[in-house]
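Visitor: Chains as they are written, first to last, in my numbering: chain G, -7 to 377; chain B, -7 to 377; chain Y, -7 to 377; chain Z, -7 to 377.
Please keep in mind that the hints were generated in silico from the structure rather than gathered at the bench. Note that the structure is a prediction, hence the values are computed from the model and not measured. Hints should not be assumed to be uniformly reliable.
[As the list claims (entries may be wrong)] Some, not all, of what chain B presents toward chain Z, calculated at C-beta under 7 Å: (1) V132; (2) K136; (3) A167; (4) S169; (5) T184; (6) V191; (7) T194; (8) G213; (9) L214; (10) A220; (11) T221; (12) F232; (13) I233; (14) S247; (15) L248; (16) S251.
[Claimed, not checked] Far from chain G, by Cβ distances over 10 Å, these chain Z residues were calculated: (17) G100; (18) A162; (19) T184; (20) R357; (21) R358.
We put the CB at the ideal spot given by N, CA and C, even for glycine.
4 protein chains.
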Amino acid sequence: MIFKDAIGIIAQLTAPLRRFGASSLSRMLVLAVGLSAMTAYTVPTLPNAAAVWLGACLWCCLGYFAVDSALRARTAARAGHARDHFLSLSFLVDVVSVIAVPIAFLYGATAPNAWLFATFWILKLAQNSPGFAQLGRVFVLEAKPLASVLALFVMVLFLSSAAMFVIERAVQPRAFSSMPQALWWAVVTLTTTGYGDKVPITELGHLVGGVVMIFGIVSFGLSTGILATGFAAETRRRNFIQTWDLVSKVPFFQSLEPSSITEITHMLRRLEVPERVAIIRRGKVGDCMYFIAAGEVQVDIKPTPVRLGAGAFFGELALLGDSVRSANVTTTLPSTLLILDLADFRTLTANHPDLKRAIDAEAQRRVTENQQMRERQRLGDAASA
Amino acid sequence: MIFKDAIGIIAQLTAPLRRFGASSLSRMLVLAVGLSAMTAYTVPTLPNAAAVWLGACLWCCLGYFAVDSALRARTAARAGHARDHFLSLSFLVDVVSVIAVPIAFLYGATAPNAWLFATFWILKLAQNSPGFAQLGRVFVLEAKPLASVLALFVMVLFLSSAAMFVIERAVQPRAFSSMPQALWWAVVTLTTTGYGDKVPITELGHLVGGVVMIFGIVSFGLSTGILATGFAAETRRRNFIQTWDLVSKVPFFQSLEPSSITEITHMLRRLEVPERVAIIRRGKVGDCMYFIAAGEVQVDIKPTPVRLGAGAFFGELALLGDSVRSANVTTTLPSTLLILDLADFRTLTANHPDLKRAIDAEAQRRVTENQQMRERQRLGDAASA
Amino acid sequence: MIFKDAIGIIAQLTAPLRRFGASSLSRMLVLAVGLSAMTAYTVPTLPNAAAVWLGACLWCCLGYFAVDSALRARTAARAGHARDHFLSLSFLVDVVSVIAVPIAFLYGATAPNAWLFATFWILKLAQNSPGFAQLGRVFVLEAKPLASVLALFVMVLFLSSAAMFVIERAVQPRAFSSMPQALWWAVVTLTTTGYGDKVPITELGHLVGGVVMIFGIVSFGLSTGILATGFAAETRRRNFIQTWDLVSKVPFFQSLEPSSITEITHMLRRLEVPERVAIIRRGKVGDCMYFIAAGEVQVDIKPTPVRLGAGAFFGELALLGDSVRSANVTTTLPSTLLILDLADFRTLTANHPDLKRAIDAEAQRRVTENQQMRERQRLGDAASA
Amino acid sequence: MIFKDAIGIIAQLTAPLRRFGASSLSRMLVLAVGLSAMTAYTVPTLPNAAAVWLGACLWCCLGYFAVDSALRARTAARAGHARDHFLSLSFLVDVVSVIAVPIAFLYGATAPNAWLFATFWILKLAQNSPGFAQLGRVFVLEAKPLASVLALFVMVLFLSSAAMFVIERAVQPRAFSSMPQALWWAVVTLTTTGYGDKVPITELGHLVGGVVMIFGIVSFGLSTGILATGFAAETRRRNFIQTWDLVSKVPFFQSLEPSSITEITHMLRRLEVPERVAIIRRGKVGDCMYFIAAGEVQVDIKPTPVRLGAGAFFGELALLGDSVRSANVTTTLPSTLLILDLADFRTLTANHPDLKRAIDAEAQRRVTENQQMRERQRLGDAASA
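Could you put the whole structure together from the sequences, leaning on the hints where they help?
Guide: What follows is the structure in structure tokens.
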């Protein structure tokens, strides 16, 4: 109970700080500082004064992570996800990050050794990262061919190290004294790392070594080819899923047939933008148009800026006529935009003339409205003059 | 005859063990244990006691492989494939694995040397592995461009090593004493392994070495590009062949035209699942639906779980409306499922409205049935109360 | 004012030289000479006479860059882009290239040290290079997955170096004396560079090292796969944009529907050719035809060469019948050509029979005209004989 | 004249040998022997007897190449290509291969030094190799992005080596004594070769080195991505061109519309087969069918084998029903086959029902004919019995 109250008080006191403090940016910053301090702390020639400061810095980072983890647990508990959160990998990382170092101190480790456990903080990089899920899916999709390449790798590893052991042990009894030593040579060579701590010196050893190196290139090539194929498929799939729901929310596309919507979904790219970010700068060359799936942007047209909300589009003028942007556009709210590239715009309007007509009409309406507004202002200015 | 009987008796005695013992999992386990023991056995500083235990362990592994090979041969013989089996590469691997070590002992090799022949056990990784066939096809398909890259590689190898031999032999008469030595330098450099046992020290040698390294990157890039292109083509082809026959067995697709079936075949992914595996967990976000090509699954709906057999589909509700799974689904038999991703589901139903109608109708029917069942149960409960 | 006049005078005096001098070719040449001289200047064993010559050469290069930068600034100012130019990165590179070395001399640096700042000249490679923008776009497009791979890389880096520090520091207290040393080992190993200055020697260290190396291959593969996917998408997009405007200027394509123009745009490749360059050589095998988007070419037909201007096409005869080129074609002006490959030509004319008819008709007209001209000449020759 | 006669006489005398001797296989064999002998000849510890034998062997190889080159020149002259041949790169390689070593002897080089010039023989690998042209086209197509990556590489090379020179020269005055030394370090590191002859030892040097290595991976990735993209495009284009002419020669496809022919061309793969090669083996699983573009095959059906010539197809039975091949098929002449994979066969017949009907009808006709023939033979056997 006291613990819960304490967190509550801290939460209130740090309210102004929290917006920054709880952001992932500041978490990354603390992570960078903490890991640098931990790294520096292991240097044996460190002067005492520096060690004191680094220790203080490390305790601050640990404190930050403790509070941060507690706050996140509270947030999850309030949202009713307490059980899910406590069973998640993310919570395990939080716990290990906070308790590993104190436990090491409790067991009597010296300070530099205890702080070595701060290395676990690096695992926070993997928390809440959608990119890891995507990479993971690529490995799952391509598990079978990757396993085959690994099997091939292991076969070459064993056969070549046995061969090298037999060939070289007579002339280099120290370097190739046993199979584990020969396996070390083989893995260093097959991955083309090549430390040079063990090098064949007989002619036959050179021959076997050369073949192993060339196979190293091939295994590089195979695994890269597999990962590239899987990644391309996964990217295409993920873009579609991310975009699909947004597309159906843009009224402009609702008049289209389902098959056309599918086609468009493959062309659009999603972009998340915070507020007060310039999307388009006047005078730059434009090669895409934007649809607003959520949020709001402001178009800085003279005399009165115009605000466009969800469902609207902008930037189409640069694609229809001259390619130079005619006005600045800035987000006023955190927004989700859908980007349509020039190349896809051409393809789309070529296949769907009605879409082109609609965009043209809207663009025409805007230009006219803009001119009328200026005209009216000019008249107003003249009248008031 | 005695030999055949002995196998028969062993087969009967080990019947309960066999289901596990003959599985590829246990074979891999024995392989790992055997190769580790063999590797440890070559360490010269090994205490005598450990050597005895490792030797025993190795004999056990050899015995396992002998029995396993014999059983497989008997199975093949019973199925009438005796001739094919005895001529196959797989049988050769079996024989070599079993007899190589005893023969080495017969010829008077010391124990560590004799057990070195256990390295051949690693070849068992290649037995019955469909992945190797796939990789092999990629090499066959891309044989010509790969041969060109290899020819380019060999040309650069010879020209650069001759140049380096001429350039460096005056200042490093030991390291670059002959063309074989220079060739070794060239292959170590071209593959970007870079042991550092032979390094050019003249300015001209540095220049030639730099060019060779950059060419090494290019040859990496070329071979990877070729393998990636070939692998993508082969993956697409293999998926199609694996899926085609299954698709034609799902009644749901039989009403479609041949060209649509081809299209669907390119979209579906095959998944082999053992029995009692959870396919869908309630509450998770769903991004695909499943067609049952073979086997059976159980959908845990209250009050009575429903079983779906070959030809049925499930998981479509998460794609039609809310994306959260509403029930657990578990296999009751080893099953072959066809997975349709959300992205492809959208494309498919957009192009084939009748397919969408059929899925909608079936989904609607299930929801209604489910409600009626609950209603009836509620009434039943009320009546019995 | 005096400065401006001086530039003006220099500009007039060097007028004949400028056409060559201001070209990017000569800039690259001066760059190569300057950087080579700077590199040679740092060699400690350099004889005095050579140092004097190299110094003179370096001052000349600096002078060239100064004049070149001034001229470019003047050109920009005249075109009214003064403000844009002075705020551009390109101008910053110009300024740094010119003033870095003199400032170093002012602050009392020795000659070899001062000239080290000439290394900044290499940044001129990035000026006005459209290729860099393309590579930059690939990184922007694929920022998220690349960041994930980098995060994975950093995680493995820290975890493996902490592990290696703990494992190896007891037996190699010098090599693995601190975490920074272990991190250096990890980055050298993860990138498969493998200097060999720090090498694990314990069995456990070998195991961790092997895993790190294999993960190095995987991180190579992932980043390559991501970059390859992004590059393929970006290439397709850029080609389309570059070609689209040109296609709409070729009258031949204007009769086509918008959707067909989109299709053709994807097939065409742009080629910029200076004047007096041979596009087609008689007797070579032809596998593409050309459309002239801008410029002019001369077809060397007997007796009178024919000139073709923007909008015309040539090289189609080799695709229609015999594949051998029947005449030389050379540009007479700097030209922009659109190349249509044989494969795409077949696809295009198969899908658009009217296009094929138009090309056939034009080709037929040319052949006939050609024959008539020869006939007339023959008659003229006969009459004059 | 005498020279010409001499070649004529040699040509006649060696007539039986020539068919083998002039084949590219035997040329490759002589090349391998010659280069091995040359390599061995440079070993300083070679016994005298071996040197004599190797010298003899090398003279034989040189003689072979001289005769081979002269024969090729004569062939070209007879075919009227004399001028083209004498100006070709291939002829230059022939001449250099033959005269380099004798000239070196003339100028008084020792035997091992003179034979070093035999390294030029390796250039024969590039003669008449269509694969090199394909790789070359990839480089031409992707010249711009590759140049950008190279520019980036050179920029990082210079900037990092200047930085490393400044950082490390104080503590390692020998290893980083000048910019050329630092550049050597940079190229060894950027290509991830990592000899380890020059290694940064300061903290700052480690940091710069780490960044350079990571950039090395990126430059690997970029160049591989570019080459992979270019290679995929080039492969697709080349396959189409090679296949197109053959497709139009198969009567079976002539009834199709041009757009369908284009589609089929993209599906077919070309295969050149010498005579007496087994294409299909009875009992194997079949996943493709074959069209004969040129040549002849024999289908071993009982009782009378059937011969199929250009325009016919075979192997379709395995795709229509059971997937096991029912007869051996062997080429009787050097043949050009077009392979249609199962996946593409399905797609094709789905989109072109008439094609499927035609194949079905032909397959049915063959089965019937086959049965009738057997029936007749059975009756004949019965009558003669």
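Visitor: State for each hint whether it applies.
Guide: Hints, verified against the model:
1. V132: Check failed: Cβ of V132 (chain B) comes no nearer than 11 Å to chain Z, outside 7 Å.
2. K136: Where the cut-off is 7 Å and the nearest Cβ of chain Z is about 5 Å from K136 (chain B), the hint holds.
3. A167: 11 Å, violated
4. S169: At 6 Å from the nearest chain Z Cβ, S169 (chain B) passes the 7 Å test, so the hint holds.
5. T184: 5 Å, holds
6. V191: 5 Å, holds
7. T194: 11 Å, violated
8. G213: 4 Å, holds
9. L214: Cβ of L214 (chain B) sits 6 Å from chain Z, so the hint holds.
10. A220: 5 Å, holds
11. T221: Given a least distance of 5 Å, the restraint on T221 (chain B) holds.
12. F232: This interface hint holds because 4 Å falls under the 7 Å limit.
13. I233: 5 Å, holds
14. S247: Since chain Z brings no Cβ nearer than about 15 Å to S247 (chain B), farther than 7 Å, the hint is violated.
15. L248: 10 Å, violated
16. S251: 4 Å, holds
17. G100: 31 Å, holds
18. A162: Consistent with the label, A162 (chain Z) stays out of reach of chain G, its closest Cβ about 18 Å off (over 10 Å).
19. T184: Per Cβ check, T184 (chain Z) is inside 10 Å of chain G; nearest 8 Å; violated.
20. R357: 41 Å, holds
21. R358: 38 Å, holds
Violated hints, listed in ascending order, are 1, 3, 7, 14, 15, 19; each of the other numbered hints is respected by the structure.
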